[in-house]
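Visitor: Chain residues, written in single-letter form:
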Amino acid sequence: MMSETRQRTRDKVLTAAEAVARYVRPGAVLGMGGQNIGRCPMALTHEIIRQRIGRLTVVGCNLSIGMDQLVAAGLVRRTESGSGNLERFGVTFCWRRAIENGSLEVEDYSHLAMVSRFLAGEMGAPFMPTRSLLGSDLLPATGEAGKAVVIEDPWNPGQRVALVPALQPEVSIVHVQRADPSGNIIIEGFATHEPEMIRASHHVIISCEELVSTEEIRAHPERTTIPFLYVDAVVVQPYGAYPTSTYGHYDYDAAHVAAYQEAAREGSPAVDEYLRRYVWGCATFDEYLALAAGSERLIALRRAMEEML
Amino acid sequence: MMSETRQRTRDKVLTAAEAVARYVRPGAVLGMGGQNIGRCPMALTHEIIRQRIGRLTVVGCNLSIGMDQLVAAGLVRRTESGSGNLERFGVTFCWRRAIENGSLEVEDYSHLAMVSRFLAGEMGAPFMPTRSLLGSDLLPATGEAGKAVVIEDPWNPGQRVALVPALQPEVSIVHVQRADPSGNIIIEGFATHEPEMIRASHHVIISCEELVSTEEIRAHPERTTIPFLYVDAVVVQPYGAYPTSTYGHYDYDAAHVAAYQEAAREGSPAVDEYLRRYVWGCATFDEYLALAAGSERLIALRRAMEEML
Amino acid sequence: MTPASSPAGPDHSRQELMVIEAARDLRDGDIVFVGTGLPMLATTLAQRTHAPNVVMVIESGVIAPQVRPTPISVSDPKVMHRAVKLGTLREVLGCLLQRGMIDVGFLGGAQIDRFANINSTVVGRGSTQRRLPGSGGANDMASHCRRLLIITHHERRRFPERCDYVTSPGFLDGPGGRERAGLSPDFAVTVVTDLAVLENDPQTCALRIAALMPGVTVEEVLAATGFRPEVAPEVRTVAPPTPDQLRLLRDELDPERVYLKAEESATTSRR
Amino acid sequence: MTPASSPAGPDHSRQELMVIEAARDLRDGDIVFVGTGLPMLATTLAQRTHAPNVVMVIESGVIAPQVRPTPISVSDPKVMHRAVKLGTLREVLGCLLQRGMIDVGFLGGAQIDRFANINSTVVGRGSTQRRLPGSGGANDMASHCRRLLIITHHERRRFPERCDYVTSPGFLDGPGGRERAGLSPDFAVTVVTDLAVLENDPQTCALRIAALMPGVTVEEVLAATGFRPEVAPEVRTVAPPTPDQLRLLRDELDPERVYLKAEESATTSRR
Chain S
5 MMSETRQRTR
15 DKVLTAAEAV
25 ARYVRPGAVL
35 GMGGQNIGRC
45 PMALTHEIIR
55 QRIGRLTVVG
65 CNLSIGMDQL
75 VAAGLVRRTE
85 SGSGNLERFG
95 VTFCWRRAIE
105 NGSLEVEDYS
115 HLAMVSRFLA
125 GEMGAPFMPT
135 RSLLGSDLLP
145 ATGEAGKAVV
155 IEDPWNPGQR
165 VALVPALQPE
175 VSIVHVQRAD
185 PSGNIIIEGF
195 ATHEPEMIRA
205 SHHVIISCEE
215 LVSTEEIRAH
225 PERTTIPFLY
235 VDAVVVQPYG
245 AYPTSTYGHY
255 DYDAAHVAAY
265 QEAAREGSPA
275 VDEYLRRYVW
285 GCATFDEYLA
295 LAAGSERLIA
305 LRRAMEEML
Chain C
5 MMSETRQRTR
15 DKVLTAAEAV
25 ARYVRPGAVL
35 GMGGQNIGRC
45 PMALTHEIIR
55 QRIGRLTVVG
65 CNLSIGMDQL
75 VAAGLVRRTE
85 SGSGNLERFG
95 VTFCWRRAIE
105 NGSLEVEDYS
115 HLAMVSRFLA
125 GEMGAPFMPT
135 RSLLGSDLLP
145 ATGEAGKAVV
155 IEDPWNPGQR
165 VALVPALQPE
175 VSIVHVQRAD
185 PSGNIIIEGF
195 ATHEPEMIRA
205 SHHVIISCEE
215 LVSTEEIRAH
225 PERTTIPFLY
235 VDAVVVQPYG
245 AYPTSTYGHY
255 DYDAAHVAAY
265 QEAAREGSPA
275 VDEYLRRYVW
285 GCATFDEYLA
295 LAAGSERLIA
305 LRRAMEEML
Chain X
14 MTPASSPAGP
24 DHSRQELMVI
34 EAARDLRDGD
44 IVFVGTGLPM
54 LATTLAQRTH
64 APNVVMVIES
74 GVIAPQVRPT
84 PISVSDPKVM
94 HRAVKLGTLR
104 EVLGCLLQRG
114 MIDVGFLGGA
124 QIDRFANINS
134 TVVGRGSTQR
144 RLPGSGGAND
154 MASHCRRLLI
164 ITHHERRRFP
174 ERCDYVTSPG
184 FLDGPGGRER
194 AGLSPDFAVT
204 VVTDLAVLEN
214 DPQTCALRIA
224 ALMPGVTVEE
234 VLAATGFRPE
244 VAPEVRTVAP
254 PTPDQLRLLR
264 DELDPERVYL
274 KAEESATTSR
284 R
Chain B
14 MTPASSPAGP
24 DHSRQELMVI
34 EAARDLRDGD
44 IVFVGTGLPM
54 LATTLAQRTH
64 APNVVMVIES
74 GVIAPQVRPT
84 PISVSDPKVM
94 HRAVKLGTLR
104 EVLGCLLQRG
114 MIDVGFLGGA
124 QIDRFANINS
134 TVVGRGSTQR
144 RLPGSGGAND
154 MASHCRRLLI
164 ITHHERRRFP
174 ERCDYVTSPG
184 FLDGPGGRER
194 AGLSPDFAVT
204 VVTDLAVLEN
214 DPQTCALRIA
224 ALMPGVTVEE
234 VLAATGFRPE
244 VAPEVRTVAP
254 PTPDQLRLLR
264 DELDPERVYL
274 KAEESATTSR
284 R
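Chains as they are written, first to last, in the working numbering: chain S, 5 to 313; chain C, 5 to 313; chain X, 14 to 284; chain B, 14 to 284.
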């Protein structure tokens, strides 16, 4: 069983290349952290693209720019999520195109239904009840156990309730503000579906803005979002969510998000060129940051966040 | 519906007497915060005893000294919990005696099963699946929907799973470290089953060590345990968990816990005398604190906690 | 039947009036589940005018923020400003929304049908199929809110008789539809468009014309609607904005004209 | 059949040796679900000797603390000292225990039967019935841990053929019992008493005598056991404590002799 081989050492600090090579295998069910333009795990996503690890099933609540780039790189076979979009910046265009041309399987849930699946996964429960989905086309017409089933509430005969199946990603990638070398992590600000998804996953790769000491973690144990027991690898990568924002650290870069979206909307060859230039053309995420933003821009994004808080 | 009448004002600060009179009615299902000798809502419990609000169904995970005093006062009709005890200080003797002499109904679950019931309650789900209880005598023999039912996991035919029904207390009482006047609350340290129970409840009375400003809450929104939307009344009561401990504030008073346990073990008239002296004999919880501990002892308990951290 | 109407003057756009009319629909103390775009402008406008105690809840885990202008995403740091809690999606969609604690939810969609069902998943069939972002929290809002508010551009293709795909349940197939599906029947829908305000008929559950934007006739609304809505017994005309409402909207809530410049596409105003 | 045994000298008590023998059963890196009392002494002793990477998890929401001597409750601030996380009961009992991430759980109980089922709810029937604290997290531990460790005083009434009430499932009615109930069959039980170490026979699932405390005979164990346990093919004698183990236990882990003075009652060593 996957969970038996969880990493139990106390120093889990790896490079992105090492962490991805070790824990993301072709065909994996990959859980994605972040939402829209907030805290997307871009450094880890780029590394998966760089290593061309394919046939992935990408799962999450809102799937955003990271998932779209994986699709653009031809690495995704299927998605299970509540949505694919970047709100004001438009939909996830490569994802949309791949669905429309039939090259991508897609399983649609609501956001609550996806969180409920991760909740079941983290609790070791086989499914979770919800009253979302009922009556809508998100609910499969047949009673077969697949995407969801409807049963009668045993305590209220005649009352229908949907059950959605537990989801335990093989590996999840999440970018956070702080982590210690053993994998205790602190998420500041909004946390979306990440706590449930992380605890549901068999393996977890964390990238973080700052590495802190375990001493510091133990000094404020109520601030720890997730204890080290769930985490296999810690990658230290400042600006690791760029061009999306990291609460408390830096704002999103609207210009670069828009640049990607323009290429994504256009499709081949514009989006291939984007990936060649910004992902395959860069040996590391720091190279990408220098190329796409540069230190002045990065400092400005940091200032923009400071002003906002 | 109860939940429709939740308190929506921004100043919810009341005395214990006002809060209990307003939100705890005879026959209510009462959720109890705290665990064993940690953060039991003693000030609010004493007030319920003082107002002699009876026929209560007391629910929680571990039920401890607060529940036992309510039983001693003859105010409890039924309990639903995972356990009744004070660990090293022994069981909850009045509870045990009441069960043994048939004057108290009791519904036994495991702690996880109780948390699962509160989890269903807070999620607005009718029940929660668990693999606890299976095979044990905690699981009712009949298939009737009452305490729990067993169904087949639709995704793994032949696999059994237990369902436990949602629990939404009519009112819960919880003692915390900090709250603002509108009811945003901060629990420091361990939080047991309280977050789920609070969010599951129709009404919530909070007692707190310290009243903080809403400004302070807004300055660190990631530290808020529970937002004001769930809370109806805030009672400011330093040492409100005495003789149990409040993490970060003061240690438990072993001598006073032992004194209560001695009376409780003996039963009538010793325990009646305890209640007369320490609860009915005191107009307020501060009077009780002066009588039972005195300021020197209280300061010593505070020092003991400081040294420990 | 058509009430007197005054032409929309040059002092405000219809888009501005849509936002203002939606804001009027919020009551003081309402707990409102909202995304970004025009719905957030409407909610913050209500907070700044007649409903200071409106509580905003945002899907990404944000509770009761004091939003800074002008967020473009539910994960935008601007929506998190001075919140009382920054939590999780489960806390918001599960412990508030499904728990039954949200009064009003704002939704958008590519299609809204006669029974107020909403489609934000896929439009068209076969080779002309166009994929949309999907439910997000929309299905959850429609399933669990007591009231839904929809702000949308009024076009024939947006108001079909029946949605190509029901992402978010309105009244489903009509009276009793929600109960049969397992949903709460305590439910109402208001649609504010650039032409009219539609509300569900309490008996038939179908959307009907409840108000007209100034200068708009019932015939214009019918011509721009794919199904044929009934007309409420007393159709009112939407009141014009006050100078204060316009000033707040233009100078304080969307000073950069991020949303007010032009009507948003369905995909971006949707949550 | 009875192995050579050395009489317990005056240099240590049987109770101390029970704790030390239980500590030996923990492997480095084990994630251990533990309450207070002798189990916590055993776990901290393991951490201070052969298993420094044992991770302690405590029901009240405490993860990986560096416990200070000598906590008397799972809510005692002493068990929270320098934890890496102070969280909730759900996180610990749900997201770690039921999730399958706990290697070893420590349990106690008033009765342990042939198939290692445990009773901490009610002993006796009718008018002689005695109510106990109930499951707490015990049922959850027995349902979801891969290994259970029990430290208990060896008395006939504590080891009946069948528990009066099964609070926590051992092997239930024997081979296949756990699978039939819906529980994982990946499960093993070790019971350390003042007379012997009992372990489940992998085939029959029944508890059998695996080791004897120094100076104790099989006959003495059988006489103190309500059911008749088999004897493992190679019964070993529990090794005596090392001076270091005794020093740690007496001087550092329980210097006030809160637990070591006398054997605890079932209710207080139980969690």
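No lab work stands behind these hints: they were computed from the structure. In this text, a Cβ means the ideal position worked out from N, Cα and C, and glycines have one as well. Be aware that a few hints might be false.
Said to hold, decoys possible - Not everything, but these chain X residues come out facing chain S in the computed CB check (under 7 Å):
| no. | residue |
| --- | --- |
| 1 | L106 |
| 2 | S140 |
| 3 | R144 |
| 4 | G150 |
Visitor: Give a verdict on every hint.
Guide: Here's how the hints hold up against the structure:
no.: 1; hint: L106; verdict: holds (4 Å)
no.: 2; hint: S140; verdict: violated (9 Å)
no.: 3; hint: R144; verdict: holds (5 Å)
no.: 4; hint: G150; verdict: holds (4 Å)
In this structure, only the earlier hint numbered 2 is contradicted, and the remaining ones agree with it.
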